[in-house]
Amino acid sequence: MTSTTYEAAAPLRRRRNLPTAGTLQWLTWVVVVGLILGPFVPLLYASVRDRPLYEAGGAFTLSAYGDLLADPAFWRAARHTLEYAALTTAISVVAGAAVAILVTRTDLPGRKVFGRLTLLPLLLPSLGLVLGWIVVWGPGGYLSSLIQRHLHLGTLDINTIPGMSVIEATRLLPVAYMTCEAALARADSSLEDAARSAGATPLRVLRNVTIPMLRPALLNAGTLIFTLSIASLGIPLLLGTPHNIQFVSTYLYLQWTNAATPDSPIVSAGAVLLLAVATVLLLIRNRLLGAEARYVSVAGKAGRTALLSLRAWRWPLAALIALYLLFSTIVPVLGLALMSFVAFVTPLIAPWHLFTWSNWQLLGTGVYLRSIEHSALLALAGGIATTAVVALATLVAHRSRLPVRRSLPFVMLYPRAIPGLIIGIGFFWAYLLTGAPGSWLRQGIWGILLAFCIRNLPFAYVVMYPTMARIGEELDRAGRSVGAGWWRTCRSIVLPLLRPALFASFILMFVEILNDYDPALFLVRPGTEVIGTTMLDTFLQGIVGPVASLAMVQVGVTVLVLALGTFVFKIRVTGGHDA
Amino acid sequence: MPEIHVDSLVKQFGDQRALSDVSFHVAEGELFTLLGPSGCGKSTTLMSIAGFQSPEEGRIAVGGDVFFDASRRVSIPAERRNLGIVFQSYAVWPHMTVFQNLAFPLKVRKRKRAGIRERVHEVLDLVEMGDYGDRYPHQLSGGQQQRVALARALVYSPSVLLLDEPFSNLDAKLRERARAWVKELQSRLGLTTIFVTHDQDEALSMSDRVAVMSSGEVQQIGTPEEIYRRPSNRFVAGFVGRVNLLSGTVAAAERGRVALELPDGRKLWVDAEHTATPNARLTLAVRPEALRVEPADASTLNGSNTIEARVESVAFLGDHYQYELRAGGLVLTAQTARPVATDHVMVHIPADACAIVE
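Protein sequences, first through last, are from chains R and B. For the first sequence, our numbering begins at 1069 and goes up steadily by one. For the second sequence, our numbering begins at 1338 and goes up steadily by one.
Derived by calculation from the structure, the hints in this document are not laboratory data. Heads up, some of the hints might be wrong.
Now the stretches of chain B that chain R is said to cover, found in silico as 3 or more residues with beta-carbon under 8 Å [claimed, not checked]:
1. 1386-1393
2. 1409-1423
Per label pair, the in silico range of CB-to-CB distance [unchecked claim]:
3. Y1473(B) / S1377(R): 41 to 51 Å
4. Q1353(B) / I1352(R): 28 to 38 Å
5. L1150(R) / Y1473(B): 48 to 58 Å
6. D1352(B) / L1259(R): 24 to 34 Å
7. A1631(R) / Q1437(B): 31 to 41 Å
8. S1391(B) / A1253(R): 35 to 45 Å
9. E1365(B) / P1568(R): 41 to 51 Å
10. R1566(B) / P1471(R): 41 to 51 Å
11. I1352(R) / S1391(B): 28 to 38 Å
12. G1503(R) / S1391(B): 42 to 52 Å
13. S1391(B) / L1259(R): 38 to 48 Å
14. R1275(R) / Q1353(B): 33 to 43 Å
The beta carbon of each residue, even a glycine, is placed where N, CA and C say it ideally should be.
Using the sequences and the hints given, assemble the complete structure.
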């Protein structure tokens, strides 16, 4: 080899600097920010008009806010919401943190399995789970009447605020668990070892080191859970409304659907207020996350020994967690399955006397079949579209020099804090005001898809971001240095390395969109139903059989897709919902 | 191979001044080293040349091409600068084989498939990795990955080569071999190269010229010998090797010689082209290995620049002994190849071994 062979190679062919990279980055930013924040503009506008936007004329006024705040029913609903959210937050944070500590810091038998199973309620269709609770624990439910008849004990009435809080808490407990588990896994165990070698007993270490270190995670999880339970619509609607317990979310929903003047500005005003509260809570959370950095110690070591030996408490505590998982998740799903095979739900007659296929046969007909087809199509298309757009936006946010890139992470996480019903109302007005494209979206299922995608896109981002952050920046700098432009570098180097996260994002999006419903309640019209809206609609009409079989379809597909993701693509879909 | 001109770079990170007025010039085919402790601005300088940092002021040109000119708001994107860079982490793309890693720059340049194959094999042979084309990076050792990184930086015949601490992830033995090998390859190919390191041995052994940097400024530029023997200030003297610093006032100055009076009244004669005014304060730098040390009772040393001293401590460092010596208020570090088996010694400070640093 001589220097001549080296010199022989031709130099880089000079090409014109195509403006593609910059244009693509700006386009991505505009589309993502526009779609996420855009719908709030018509919502705000609708709230300060004196009549619905589709009616001619109208003037600016704050009377909608005045009417809303003067309505005693609204204040009653607000009080209920506050009680409900506070109770839910307290239960799920305490229980979630306890499970997280047991799983990461003790020698609890089967702790890894428990850790995985605890996440289930987050991924299973929430509407279906609530239905399962009603079948099993509701008045006249299988287990509640069994316990009443044979043990002469009362069970918690799930049609009260505490009862609903317990159900909501089991649904949101995984959020607290994941946040705490992540914080504990991150925490440097040598801090705890140091306390032990200084003479503290394990319990003392737990009290004086481990739990204080967890404080920011607890606050963070608490704020998120509080926000999510304020916005919750399913449980209040299914359990509260029949017993005349109104919440802000159901108050707005029922105003929307039942009021004399449909789509009244009052609903928009209420939605704006709710949006303001959710936004303030999100900002508080961001401050807390900033504070959390103070507590972050360098990466924890793998394979550490259990800190706390539970001794005699090992099996009782394991049994307790097992019972919790059994009665909060597995039994409701079984109840749901049972419900889908009986003519009607009653503990007085043995279910096999009531056996029927009709609930399942109904799924092949009319609105049920249509809903399933729509949901499957939306989940598939939404999973692909959201993953693609979020991947691009994440690249712009973390791998470009676009001046406004730093706004993207915040904007992409924003929908997580926004109640689904606000997204629904926002998109309703947005479609109404954007002429032909808006009306095309409003007529078909694609309008619902867009709302679902925006609503669930934070999950795609939190799955992708950690993987992207682990791809060293020198890898793409190397791409640039050898002559590849921004997009070429992303396409050939960053995206291929991101592939596992892209699969995980798709799986998660598929499941979330399949099971989502509340934004669609404001957008659905005859002919564009999805599984969730049909379930809620049918249930409110007093028909439960096909609702159960629809829910079982959701459960079945969800479990199948998650299993596929876990075993075929080797993905761990835990979602990182804490980010 | 073109020259590199870097003029008056200024770069600010918030309140922190990362580069202030950094200028140098690299001649054709030269291996030019930026040496300094971490945070001195050497990597920022390199990344500015590569196009990953934009200084606030200054100008960078390679050959006839202006890469960056703050006053004319010119900044060529990194991908169009046609530079070869070896990164500290090597940045060998983990999802591509060695062959694909090398082929990528050529594909970007839209070269023909057959041409790519031929060129990749040619360069792999050049770095003695011809048999490893089908391997993935995780199947290679650190040293092999480094060769792949270098090959990838050479495969498209870049105008200059930039090396960002390429040896810092290798163990000590391998590092020495890699140094010699890279230096040999560089001079064989006649590549104009800028090399960034914090390791003075690396800088001295490989470079044609070295720029010593500290807190965003170039302290001194010179050949390794100049940097080592004639450090221009305290920082350079202290950073490049161990040094004794002796401060005093000028007692007399004649042609080519200066007499320095130390605080304890002793006088040292120093060879220096220095226009010293009497009573001005001066600091001298003397390398420990330049001191001559002999047992006091059997010493042949006498005359000027010879001091009687006591041995405070001695350390055996394999190929030499290191002494901490005290003579009145004066503390000196000396290196000898053989042990001096007494507590009292005579120390001679050769007049031609002293550099005036302040």
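Do three or more residues from the stretch 1409-1423 of chain B put their C-beta atoms closer than 8 Å to C-beta atoms of chain R? holds (count 9)
When you take the CB atoms of R1566(B) and P1471(R), is the distance between them in 41 to 51 Å? holds (49 Å)
Would you say the C-beta atoms of E1365(B) and P1568(R) sit inside 41 to 51 Å of each other? Once the Cβ atoms are compared, 47 Å apart, the range 41 to 51 Å for P1568(R) and E1365(B) holds.
Just tell me: holds or violated, for the beta carbon distance of S1391(B) and L1259(R) against 38 to 48 Å? Distance hint for S1391(B), L1259(R) holds at roughly 40 Å.
Note whether the CB distance of G1503(R) and S1391(B) lies within 42 to 52 Å or breaks it. holds (43 Å)
Cβ separation of A1631(R) and Q1437(B), checked against the hinted range 31 to 41 Å: holds (33 Å)
Holds or violated: the 41 to 51 Å window for the beta-carbon distance between Y1473(B) and S1377(R)? At roughly 43 Å between Cβ atoms, S1377(R) and Y1473(B) fall inside 41 to 51 Å, so the hint holds.
C-beta pair D1352(B), L1259(R): status relative to the range 24 to 34 Å that was hinted: holds (32 Å)
In terms of beta carbon proximity below 8 Å, does the stretch 1386-1393 of chain B have 3 or more residues touching chain R? With 3 residues closer than 8 Å to chain R, the stretch 1386-1393 of chain B meets the three-residue bar; holds.
Take a look at whether the Cβ-Cβ distance between I1352(R) and S1391(B) falls inside 28 to 38 Å. Since the Cβ atoms of I1352(R) and S1391(B) sit about 36 Å apart, the hinted range of 28 to 38 Å holds.
Consistency of beta-carbon spacing, I1352(R) to Q1353(B), with hint 28 to 38 Å: Given about 31 Å between the Cβ atoms, the range holds.
R1275(R) versus Q1353(B) beta-carbon gap, inside 33 to 43 Å or not: holds (42 Å)
Checked against the numbered hints above, the structure violates none of them.
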